[in-house]
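S.K.: These protein sequence lines map, in sequence, to chains A and B. For the first sequence, counting from 1, position 54 maps to 54 in the working numbering; every step adds exactly one. For the second sequence, counting from 1, position 234 maps to 234 in the working numbering; every step adds exactly one.
Honestly, the hints are just simulated from the structure, not real lab data. Be a bit skeptical, because a hint or two may be false.
Subject to a maximum C-alpha distance of 25 Å in a straight line, what follows is the list of computed PhoX-like cross-link-like pairs (lysine-lysine) [stated by the list, open to error]: (1) K6/B / K54/B; (2) K87/B / K215/A; (3) K215/A / K5/B; (4) K72/A / K72/B.
Computed beta-carbon distance windows for the label pairs [unchecked claim]: (5) R32/A / N236/B: 50 to 60 Å; (6) K38/A / K38/B: 41 to 51 Å; (7) T179/B / P198/A: 30 to 40 Å; (8) N25/A / D202/B: 44 to 54 Å; (9) T179/B / S62/A: 46 to 56 Å; (10) K72/B / H41/A: 38 to 48 Å.
Where a beta carbon is used, it is the ideal one built from N, C-alpha and C, also for glycine.
One-letter residues, chain by chain:
Number of protein chains: 2
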Amino acid sequence: MNKYKKEDNISYALGTTLTLYLLDNHINDVLRVYVHNKQEHNDTYNKIVNICNKNNIEIIESDKIFHTLSDKDNCYIIGAFKKFDTKIDFNANHLVLVNPSNMGNLGTIIRTAVGFGITNLIIVKPAVDIFDPKVVRASMGALFNINFKYYDNFSDYQKDISNRTLYPFILNGENNLSTVKKDNTYSLIFGNEATGLPDEFDHIGTTIRINHNNKIDSLNLDNAVSIGLYEFTKDNFVDKK
Amino acid sequence: MNKYKKEDNISYALGTTLTLYLLDNHINDVLRVYVHNKQEHNDTYNKIVNICNKNNIEIIESDKIFHTLSDKDNCYIIGAFKKFDTKIDFNANHLVLVNPSNMGNLGTIIRTAVGFGITNLIIVKPAVDIFDPKVVRASMGALFNINFKYYDNFSDYQKDISNRTLYPFILNGENNLSTVKKDNTYSLIFGNEATGLPDEFDHIGTTIRINHNNKIDSLNLDNAVSIGLYEFTKDNFVDKK
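Just chain A, same shape as in the assembly:
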């Protein structure tokens, strides 16, 4: 058993809850489930075993893989799955991340995007690997509920879209997030954690800034994205509790 590799066609859901989420959402991509001898035979465990038995998914009792794949002491179940393809809905709203470099951030952003109903994610390379187990774990399984597509550059993405407003988030954007008029169909675009969006985005679509004082240089990426997602989607959630 080797470490996770970006080049391989297999990834891992680390932990009991995450493995259950994997089974519930991507059963056809599950290859096998590993169980550590310290795993309690509790309700969640029983659920996982039942699903595996029903679907002829092999359960392997072995502690070795846990040392290789997990740096957390309390991870006692691992779900191995085949990396899967998804199809972007080009009529839906998109979140576009240009050159995201931090795996934890990417996972957290996916979780928030899914929660706010933005389930189509564009990633412009170079970028982190969405199937890295660290991303999967930080997404708390929300990765199993989004469509995503990698592009080599932003202009390739532009060729695939029409009839939507592009909103690049930049420090000196022309429009204030809280008051800008929001189109019904949109792509929210965010740059790299350290460098933001390249200068070319100053002249693309409707640029947006999130106002803050000058005591900080910028918001961190995943906070900026979560605020942007919230502001653009909050009217969809007014009556729900």
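Since the structure of chain A is already known, use the hints to place chain B on it.
M.R.: Below, chain B alone, put in the same frame as chain A:
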């Protein structure tokens, strides 16, 4: 030179920018500055040396401390500083974190809070150590621009305040964040990353929920806090660019 210890009276700003930020904001608490032999003698370095010379702060050229304190390869300057006390402004708006357990989250939250002008932070124990170098670094120096105070429990904090609305953020809060009437003076209250706020907060103040769909269990803490801070402060930033 030992590792950072919570019990000691000394902490560290890891990195060139962070050390400059420390010198600019808390010069009287700086004990000494360490420089690695790989540090380039660039503009920021010269600034740091000038400030240290003007203020009789010792500069120590040594690589040893970097192995002990930093896990990042590109950290070549460390500012050692005396842990400092701050005074909460009990007339200002507060951010209250109950049992925060993740150092990176705490730092990021402080950065966003300072950016949105909320510079008084209450922390209810048990909680992470705000002076841990990981928190200092994740705050990008914003820690040097806030007032903070630890309380053993929430009721001790309640004894110190008056004339403000308490807004606990809970999953089933009575009020929707985006439409709730906002008092002018307030405390925004958030719970632990994994467990949220204890049940007693259901009956304190004006409870708030951030609406999202049921594809996720909850938002992660630092995204929830950043959204709450944004919504409560955005009207202060409407005309600024």
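S.K.: If a hint holds in the structure, say so; if it doesn't, say that too.
M.R.: For each hint, the structure was consulted:
1. K6/B / K54/B: 30 Å, violated
2. K87/B / K215/A: With a Cα-Cα distance of about 19 Å, the restraint between K87/B and K215/A holds, given a limit of 25 Å.
3. K215/A / K5/B: 28 Å, violated
4. K72/A / K72/B: Cα-Cα ~21 Å, so holds.
5. R32/A / N236/B: 50 to 60 Å: 54 Å, holds
6. K38/A / K38/B: 41 to 51 Å: Because 43 Å falls inside the window, the suggested range holds.
7. T179/B / P198/A: 30 to 40 Å: 37 Å, holds
8. N25/A / D202/B: 44 to 54 Å: At 31 Å between Cβs, range violated.
9. T179/B / S62/A: 46 to 56 Å: 52 Å Cβ-Cβ, so the 46 to 56 Å window holds.
10. K72/B / H41/A: 38 to 48 Å: Because 42 Å falls inside the window, the suggested range holds.
In terms of the numbered hints stated before, the structure departs from hints 1, 3 and 8, listed from lowest to highest.
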